[in-house]
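Chains as they are written, first to last, in numbering that gives the first Met the number 0: chain A, 0 to 119; chain B, 0 to 217.
Read the hints as simulated data drawn from the structure, not as lab findings. Keep in mind that the hints are not guaranteed to be accurate.
Keeping only pairs whose Cα atoms sit at most 20 Å apart, straight-line, the calculated SDA-like set for lysine to any residue is [what the hints assert, rightly or not]:
(1) B/K12 to A/E14
(2) B/K149 to A/V85
(3) B/K8 to A/E110
(4) B/K8 to A/N8
(5) B/K8 to A/Y16
(6) B/K149 to A/E41
Residues from chain A that keep clear of chain B, each with C-beta distances beyond 10 Å, as calculated [unchecked claim]:
(7) H1
(8) E19
(9) F45
(10) P55
(11) V66
(12) I69
(13) E80
(14) A87
Under 10 Å between C-beta atoms, here's a sample of chain B residues computed to sit facing chain A [what the hints assert, rightly or not]:
(15) K12
(16) G90
(17) N156
(18) N186
(19) R214
Note that this is a predicted model, so its numbers are computed, not measured. Backbone N, C-alpha and C define an ideal beta-carbon position, used for all residues, glycine too.
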Amino acid sequence: MHELSIAQNIVEIVEHYVPEPARSDVRSVRVRVGGLSGIVPESLEFSFSAIVAGTPLGSARLNIERVPAICRCEDCSMEFEAADFVFACPGCGGMHTRLISGSDLHVVDIELEEEPVQGP
Amino acid sequence: MSVITIERKVLEKNDEIARLNRALIEGHGLFSINIVSSPGAGKTSILERTIERLRGSVRIAVIEGDVQTDFDAQRVARYGVPAIQIVTHGGCHLEAKLVQDALARLDLKELDLLVIENVGNLVCPANYDLGEALKVVVLSTTEGDDKPLKYPVMFRNASVLIINKTDLLPYVSCDLETVRRNALQINPQLRIFETSCTTQTGIPEWCRWLEERSRRPS
Numbered sequence: 000m001h002e003l004s005i006a007q008n009i010v011e012i013v014e015h016y017v018p019e020p021a022r023s024d025v026r027s028v029r030v031r032v033g034g035l036s037g038i039v040p041e042s043l044e045f046s047f048s049a050i051v052a053g054t055p056l057g058s059a060r061l062n063i064e065r066v067p068a069i070c071r072c073e074d075c076s077m078e079f080e081a082a083d084f085v086f087a088c089p090g091c092g093g094m095h096t097r098l099i100s101g102s103d104l105h106v107v108d109i110e111l112e113e114e115p116v117q118g119p
Numbered sequence: 000m001s002v003i004t005i006e007r008k009v010l011e012k013n014d015e016i017a018r019l020n021r022a023l024i025e026g027h028g029l030f031s032i033n034i035v036s037s038p039g040a041g042k043t044s045i046l047e048r049t050i051e052r053l054r055g056s057v058r059i060a061v062i063e064g065d066v067q068t069d070f071d072a073q074r075v076a077r078y079g080v081p082a083i084q085i086v087t088h089g090g091c092h093l094e095a096k097l098v099q100d101a102l103a104r105l106d107l108k109e110l111d112l113l114v115i116e117n118v119g120n121l122v123c124p125a126n127y128d129l130g131e132a133l134k135v136v137v138l139s140t141t142e143g144d145d146k147p148l149k150y151p152v153m154f155r156n157a158s159v160l161i162i163n164k165t166d167l168l169p170y171v172s173c174d175l176e177t178v179r180r181n182a183l184q185i186n187p188q189l190r191i192f193e194t195s196c197t198t199q200t201g202i203p204e205w206c207r208w209l210e211e212r213s214r215r216p217s
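Working from the sequences, and respecting the hints, build out all of it.
Here's what the structure looks like:
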């Protein structure tokens with residue numbers, strides 16, 4: 000259940016950017032989660048809502064964008080999605096492939112109800 | 000509605016401390032590994048066999064991560080090497096900050112090799128860089144040959160795979176060739192060792208590999 004610790008990190012980033020009085024205006028927090036990040040989105044949503052419940056961020060929702068794991072073959076340059084973690088190139092069968100996206104675990108942006116606030 | 004654009008890594012804070020740890024470790028000329036596995040795969044036993052074999056030539060220190068108790072640090076300390084226990088009190092993985100605190104308690108200039116034994120778990124430690132040079136994943140033959148496919152992120156992030164408890168192969172339905180094939184499918188760069196801590200098979204090869212990387216340039 001490290002999603003709890005990941006969610007705690009997300010909350011800390013939000014608190015860093017949104018000063019106390021504006022926190023209750025936070026509607027959603029957009030995060031980008033790669034298919035190879037090892038994160039279970041449902042579990043992350045649950046952890047986030049459990050942490051913010053009863054705090055000024057209580058009405059904030061986590062908005063998760065899933066990013067597929069995309070590899071590029073070093074031999075034939077083909078780009079493909081590593082579905083089910085199969086990293087062999089479907090084009091030439093080569094094993095020399097490099098992950099070019101899908102390990103993301105990023106906070107993208109925060110949406111607020113009211114006027115923009117000045118970040119630190 | 001208004002939007003604040005952030006674009007920050009969620010684990011930025013951890014990664015920043017990991018960078019500091021790495022600079023500190025490498026700055027002292029130490030080689031370092033982060034050993035990960037399921038509970039009971041044999042991380043501590045491999046470590047004991049390794050220390051027995053290398054303590055004459057390599058100055059080793061160990062950072063032990065466990066959810067509860069300092070049993071593992073006690074086991075390792077019996078071999079006369081500095082061992083720092085981190086108890087996570089329920090936490091399922093080590094984080095860079097915990098390692099940073101442990102590093103402050105070690106005399107790094109008197110060491111060649113730092114071994115961080117992570118909490119037994121093949122999921123969570125994959126996300127957390129601790130500042131180590133590389134990750135070593137241990138898989139025991141009793142866990143089955145499909146494990147790399149079940150926990151791909153960890154096998155993808157590791158540089159070395161140790162297949163342990165090979166002495167039990169006659170009694171378990173685990174095919175070594177299948178383990179190797181599954182692991183290399185996830186990560187073709189994996190360096191694979193096959194060991195038994197009971198018969199010592201494969202331990203010399205693993206220790207030689209580790210010793211070569213831990214020796215200071217003279």
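Hint by hint, here is what the structure shows:
{"no.": "1", "hint": "B/K12 to A/E14", "result": "holds, 14 Å"}
{"no.": "2", "hint": "B/K149 to A/V85", "result": "holds, 12 Å"}
{"no.": "3", "hint": "B/K8 to A/E110", "result": "holds, 18 Å"}
{"no.": "4", "hint": "B/K8 to A/N8", "result": "holds, 10 Å"}
{"no.": "5", "hint": "B/K8 to A/Y16", "result": "holds, 14 Å"}
{"no.": "6", "hint": "B/K149 to A/E41", "result": "holds, 19 Å"}
{"no.": "7", "hint": "H1", "result": "violated, 4 Å"}
{"no.": "8", "hint": "E19", "result": "holds, 15 Å"}
{"no.": "9", "hint": "F45", "result": "holds, 16 Å"}
{"no.": "10", "hint": "P55", "result": "holds, 16 Å"}
{"no.": "11", "hint": "V66", "result": "holds, 13 Å"}
{"no.": "12", "hint": "I69", "result": "holds, 14 Å"}
{"no.": "13", "hint": "E80", "result": "holds, 14 Å"}
{"no.": "14", "hint": "A87", "result": "violated, 6 Å"}
{"no.": "15", "hint": "K12", "result": "holds, 7 Å"}
{"no.": "16", "hint": "G90", "result": "holds, 7 Å"}
{"no.": "17", "hint": "N156", "result": "holds, 9 Å"}
{"no.": "18", "hint": "N186", "result": "holds, 8 Å"}
{"no.": "19", "hint": "R214", "result": "violated, 30 Å"}
Comparing the model with each earlier hint shows violations of hints 7, 14 and 19; every other hint is respected.
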